[in-house]
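Undergrad: Each chain, letter by letter, is given below.
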Amino acid sequence: MLSLAGELFAYMNARKKWWLLPILLVLMAFGGLIILAQGSAVAPFIYTVF
Amino acid sequence: MRLLGLAAFYHDSAAALIEDGLVVAAAQEERFTRKKHDASFPARAIQYCLDAGGVDLDGIDHVVFFEKPLIKFERLLETYLANAPRGFQSFRRAMPLWIKDKLFQKSNLEKALKEFAPSGKIAPGKLLFAEHHQSHAASAFFPSPFEEAVVLTMDGVGEWATASVAIGHGNTLEPVREIRWPHSIGLLYSAFTYYTGFKVNSGEYKVMGLAPYGEPRYADMILEHLVDLKEDGSFWLDQSYFNYATGLTMTSRKFHDLFGGPPRDPEAPLTQRHMDLAASVQKVTEKIMLRMVRNLAKAYEIENLCLAGGVALNCVANGKLLRDGAFKRIWIQPAAGDAGGAVGCALAAYHQHFARPRQLSGELDGMHGSYLGPEYAQAEIESRLAAAGARFSSVGEPQLYEQTCDALEAGHAVGWFQGRMEFGPRALGGRSILGDPRNPQMQKTLNLKVKYRESFRPFAPSVLREYVDEYFELDVDSPYMLLVADVKRNRRRAMSAEEKTLFGIDKLNVIRSDIPAVTHVDYSARIQTVHAQTNPRYHALLSAFNRRTGCPVLVNTSFNVRGEPIVCTPEDSFRCFMGTEMETLVIGNAMLRKEEQQPHLVEDYKNMFDAD
Chain A
1 MLSLAGELFA YMNARKKWWL LPILLVLMAF GGLIILAQGS AVAPFIYTVF
Chain B
1001 MRLLGLAAFY HDSAAALIED GLVVAAAQEE RFTRKKHDAS FPARAIQYCL DAGGVDLDGI
1061 DHVVFFEKPL IKFERLLETY LANAPRGFQS FRRAMPLWIK DKLFQKSNLE KALKEFAPSG
1121 KIAPGKLLFA EHHQSHAASA FFPSPFEEAV VLTMDGVGEW ATASVAIGHG NTLEPVREIR
1181 WPHSIGLLYS AFTYYTGFKV NSGEYKVMGL APYGEPRYAD MILEHLVDLK EDGSFWLDQS
1241 YFNYATGLTM TSRKFHDLFG GPPRDPEAPL TQRHMDLAAS VQKVTEKIML RMVRNLAKAY
1301 EIENLCLAGG VALNCVANGK LLRDGAFKRI WIQPAAGDAG GAVGCALAAY HQHFARPRQL
1361 SGELDGMHGS YLGPEYAQAE IESRLAAAGA RFSSVGEPQL YEQTCDALEA GHAVGWFQGR
1421 MEFGPRALGG RSILGDPRNP QMQKTLNLKV KYRESFRPFA PSVLREYVDE YFELDVDSPY
1481 MLLVADVKRN RRRAMSAEEK TLFGIDKLNV IRSDIPAVTH VDYSARIQTV HAQTNPRYHA
1541 LLSAFNRRTG CPVLVNTSFN VRGEPIVCTP EDSFRCFMGT EMETLVIGNA MLRKEEQQPH
1601 LVEDYKNMFD AD
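Chains as they are written, first to last, in this note's numbering: chain A, 1 to 50; chain B, 1001 to 1612.
Hints were generated in silico from the structure; no laboratory data involved.
Because the structure is a prediction, the values reported are computed rather than measured.
Treat each hint with caution, since some may be false.
[Unchecked claim] No farther apart than 25 Å at their CA atoms in a straight line, the calculated lysine to aspartate or glutamate pairs in the DMTMM-like style are these:
#1 Lys17/A x Asp1220/B
#2 Lys1126/B x Glu7/A
#3 Lys1449/B x Glu7/A
#4 Lys1488/B x Asp1514/B
[Said to hold, decoys possible] Ranges of calculated distance between the beta carbons of each label pair, as one might list FRET restraints:
#5 Met1/A x Ser1394/B: 25 to 35 Å
#6 Leu21/A x Ala1123/B: 24 to 34 Å
#7 Gly6/A x Lys1114/B: 18 to 28 Å
#8 Phe1503/B x Ile35/A: 43 to 53 Å
#9 Thr1271/B x Leu2/A: 38 to 48 Å
#10 Glu1571/B x Ala14/A: 41 to 51 Å
#11 Lys16/A x Val1176/B: 13 to 23 Å
#12 Ser3/A x Ser1119/B: 17 to 27 Å
#13 Ile35/A x Lys1035/B: 18 to 28 Å
#14 Pro1262/B x Met1/A: 17 to 27 Å
#15 Leu2/A x Ser1361/B: 23 to 33 Å
#16 Gly6/A x Asp1056/B: 42 to 52 Å
#17 Met28/A x Lys1114/B: 24 to 34 Å
#18 Ile35/A x Glu1115/B: 22 to 32 Å
[Unchecked claim] For the chain A half of the interface with chain B, some residues (derived, Cβ under 10 Å), not all of them:
#19 Met1
#20 Arg15
#21 Leu20
#22 Leu24
#23 Phe30
#24 Ile46
#25 Phe50
Even glycine gets a Cβ: it sits at the ideal position worked out from N, Cα and C.
Only chain B is shown next, with the shape it has when bound in the complex (with noise of 0.2 Å):
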């Protein structure tokens, strides 16, 4: 049985090919369009995944869409309802999209799926829904290792539910409780995103990086005031300091009276005020998930944890919730976000709606390494690289590691294009730029003349997976970037009073360990493990690399810029090259060295996209 998910329509739509139950392939929109958070009908996500099965949409037994849209319009109604007259600009905003487009998601869906079938037709019936929470739970205990497990869900919002707590048994899915609507630990993190400057959806990580500056001094009084915390971990939201349920904005007057003045202004330099918000909120957010996860240990007695929904991509609570030990293990889906979805819902059509028995992969998942994306043949990329005027040459492989370890140990920033794409929000050494962590200069370089980012930003590392406790405090698998621990105690060097007074790229240019480019100010790291079943070729450079230095960390950040999505294909790896100061680019088996390309193809990359 073959099965299409799709996610759309709100951020970040995907879609994903399920076959006999087996994630074959899986994208997300924004990868092709190059449009950020791309919402838009997947059309290019929805080609690939065809393209990559080997069928048309006629092949297709059912198309499955991630939520319910008329379950969310009773939301929204019953929302103005209870808050009318307050609301009315919401309500005016809402409604036209609603009446005009919206409300006819089924048909519009069923009229864009056609483009996809020869026939011309969608059968009665092909075109399936899943509830939101039901495709979060369904992305993250399907493909998990697990035969049984807790299944815990939390994002900003679905059709009602904002978390939902599931029993996952075989193939076999039970939700047995949830949090609803307005009261959103997703929006409680989102509304201290806009309150400190960035943007909602996306600026949610840089909260979370920003938080290791700050001192958690509002924790208490977001306690006291915004959430009523019950014993066990659900909570709710006094809803007079938020304004999203009725509002244009996230927070009221309320909510800024309490926490000293109005949000920052984007462009506004960053204070220490922001940074102790950001702590404050993380640590609220930690406490919360800690208290609900104890609450689950105790009440279900199972030993395992699956994890998503946009909450769950906060790898520093991830970590904290490994270390606290109520579940053995943890697993979490690497899509953990609304693209996510696309992945759930058909597996939850497969295995619950159509009672489809659900196979175990051994050891490994069923996400495959996240690695669902679209991969070039090197004859494909030769022929494209050569098109786009690239100058390069192909080498044999142990050729590609010798001379990309070179480039690493001369202080490069080395773009790194592999196999299948990831899928999910991180790259991991598929669609990578990679660095050498020891090198004191590497944060500079990256953060400012390659990803042009802000400067607080800390990088993350990929290490092998053998060698992952003798660097940090860890020793389970991560591969998917979504464990945070600290570095090792011996391989910490401790900052100065006069060093701990510093911000931003300053404190995160001092050297606190034996790898200085991925040591965050507290000494966390947010880890990949890297295994050779899953990326060999990755797996093959980080060996070349440890045993040329001793050395088997390197730094992995996604190959883009700030704003722009994570590259597809060749054509938009060699753009990044051009337009960055990155000195050598890896694409398959082929080189590309900077110096040797026509400076008539550099482009001002820099000002291309809009800030995130």
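Chain A on its own, in the form it takes in the complex (with noise of 0.2 Å):
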């Protein structure tokens, strides 16, 4: 985890978007909730964009 936090850290400074930090960080909190919730069926995607 702290890895990662150091990779989100160089990637924002490379990117110069720290204006997505505070927007990480609630998304990343919804989406942890997210998998918290999880179990009802999920519609799978056609096409994977990511």
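Need the complex rebuilt from these two chains, each delivered in its own frame; the hints are there to steer you.
TA: Shown next, in the form of structure tokens:
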């Protein structure tokens, strides 16, 4: 987890995208909640764009 | 300097080994795991590359990954933010994947790579990352035979770029333009692939094959509503017609309303409307590509063009670019899809990051005919076949060609397994099924008895390079089957009005030329020129067939059935041989005849693989 924080820090510095930091934190918290609440069937992607 | 390139976790995982700037080995993971388009960590492809180079991971200077996951994540987040609250379903599906796994790609990769290092360690800084389109561009330029070229890459999407232009000169590759997500020529084609009922990421090839049966009735509609095509070939896609950016499908209700109905169910029959849609998106794609390429030729005044990215597998469009003549020479990376990123990212690191010089290999390119995969010595082939229960006879080279020609002349489908496996989606005479192109029944035999695939799909010819202009409207090298050209007029036979109304195999079965088995309904053919320098055995076989029949052409289709990855080992090919109605199999110097095999080894092969 620490290395990921370091990578994100280096990434935001390199891309000059510091404004993403609060959004990232909120979204990741939100995403974490989704993981915790997982269980219901979710439709699959026809094409995954990532 | 030794570099290991990796492409993984999206589709078509692959590994490639580069030594001092030369491509030594490359293979896709699907060939080893037998799972088509396998996207998992390419452990077996890595092991093959290391074995081929005689090294372990401690002997590799750097490992290079073909894209930058964090920038992809940035694109994902910014897309969700820009479209919120729309896209919640997609967000809900994507976030767990990223938070649990994809965000940790660097440490996951390092952990997986340690298994290949006897020291058990991956030194800090050993793992490097290239950008997705940088990898594509490097795979297109550095192995090309050109000192200087304009490099155009087009695909679905990488990090942000969906198309890019770079100028290659010596060992430098300078990015100059790009088109960004969500405006994508690859995703436009994929949207129609989905809409016409084929699988995205594999069915695009079928749409291209279906297009000649249709009329481009919807092309103007696409250009009027979906695509805002600019003078320089750049474009915007009206996102209200698509759903891939924030939804779970490719197209929106508005798209369906415009084109008159919901997407075709994959099991539903193909109608003229689907053929017209295929013809339309093909025409629009060609128009966009032609406009882009003409503009680049004018803007940079360089004679050579290099292409890569999944869209560069559209060999019909490539043929049109060549005939248009905006560039004097065109070279296309044979593994133009994501697998080729493994070669590209390693070459990008070597030449761009480490600024190492580039050596041109004269007339030939640096992909060695794309024969970069595993090969088997005769003794190993024989022991493997014996262990599999195969009955075979080993013959000398002259007899090998004569007996193979006997089988071809008798109308047999012949499995041809020789030398190193091809890297990239096409079989090029290393892992191929061959047939006599003059035989009017060959198309039917191959489609229905051997390949078990859709009846409308045509087969491709391999032709001796020395004779290509005698059979086709083409007189350049096309070693990777990435250029389509017409059969020569004097070899064609016109279809009657009644014949023109036929569809699918019925229309394909109409004798339209001297070489009917490889002539599509519009008289086009997807040509592979065969060169003695890169594949001497295949060249020798074609020469023997030419001496005997006066025809230097063979039908060449990949050695697999529908939904199966192309065979890799002698055992894979023996299994495929026994599971289909192929009559003859040639592996190295071993000849196998179906009637001599043990009947209990026949498998129900047809239903073993999911339809692609």
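Undergrad: Hint by hint, say whether it matches the structure.
TA: These are the hints, each one checked on the structure:
Taken as a hint, the Lys17/A and Asp1220/B pair is broken in the structure, with Cα atoms around 40 Å apart against an allowance of 25 Å. Distance hint between Lys1126/B and Glu7/A is fulfilled; the C-alpha atoms sit about 15 Å from each other, no more than 25 Å. Pair hint Lys1449/B plus Glu7/A does not hold up; C-alpha atoms about 54 Å apart against a cutoff of 25 Å. Restraint check for Lys1488/B and Asp1514/B: satisfied, since their Cα atoms lie roughly 10 Å apart, inside the 25 Å limit.
One distance hint, 25 to 35 Å for the beta-carbon pair Met1/A and Ser1394/B, is violated here, with the actual separation near 59 Å. Between Leu21/A and Ala1123/B the beta carbon distance is about 30 Å. The supplied range of 24 to 34 Å therefore holds. Checking the proposed 18 to 28 Å range against Gly6/A and Lys1114/B shows it holds: the Cβ atoms sit about 19 Å from each other. For the hinted restraint 43 to 53 Å between Phe1503/B and Ile35/A, the CB-CB distance of approximately 50 Å keeps it satisfied.
The hint said 38 to 48 Å for the Cβ distance between Thr1271/B and Leu2/A, and at roughly 58 Å that hint is violated. At about 48 Å, the CB distance of Glu1571/B to Ala14/A agrees with the hint of 41 to 51 Å. Hint check: Lys16/A to Val1176/B, Cβ distance near 21 Å, so the stated range 13 to 23 Å holds. About 20 Å separates the C-beta atoms of Ser3/A and Ser1119/B, a value consistent with the hinted range of 17 to 27 Å.
A hinted range of 18 to 28 Å holds for the C-beta pair Ile35/A and Lys1035/B, which are about 27 Å apart. A hinted range of 17 to 27 Å for the beta carbons of Pro1262/B and Met1/A is inconsistent with their spacing of about 45 Å. One distance hint, 23 to 33 Å for the beta-carbon pair Leu2/A and Ser1361/B, is violated here, with the actual separation near 46 Å. Checking the proposed 42 to 52 Å range against Gly6/A and Asp1056/B shows it is violated: the Cβ atoms sit about 28 Å from each other.
Against the hinted window of 24 to 34 Å, the Cβ-Cβ separation of Met28/A and Lys1114/B comes to about 27 Å, which satisfies the hint. In this structure the supplied range 22 to 32 Å holds for Ile35/A paired with Glu1115/B, their Cβ-Cβ distance being about 28 Å. Taking 10 Å as the C-beta cut-off, the interface hint given for Met1/A holds, the closest approach to chain B being about 9 Å. Proximity of Arg15/A to chain B holds as hinted, the smallest CB-CB distance being about 7 Å (cut-off 10 Å).
Given the 10 Å rule on beta carbons, the hint for Leu20/A holds: about 7 Å separates it from the nearest Cβ of chain B. For Leu24/A, the shortest C-beta to C-beta distance to chain B is roughly 7 Å, which falls under 10 Å, so the interface hint holds. Given the 10 Å rule on beta carbons, the hint for Phe30/A holds: about 7 Å separates it from the nearest Cβ of chain B. At its closest, the beta carbon of Ile46/A sits 5 Å from a beta carbon of chain B; the interface hint therefore holds under the 10 Å criterion.
A hinted interface residue such as Phe50/A counts as satisfied when its beta carbon comes closer than 10 Å to some beta carbon of chain B; here the least separation is about 5 Å, so the hint holds.
The structure shown violates the earlier hints numbered 1, 3, 5, 9, 14, 15, 16.
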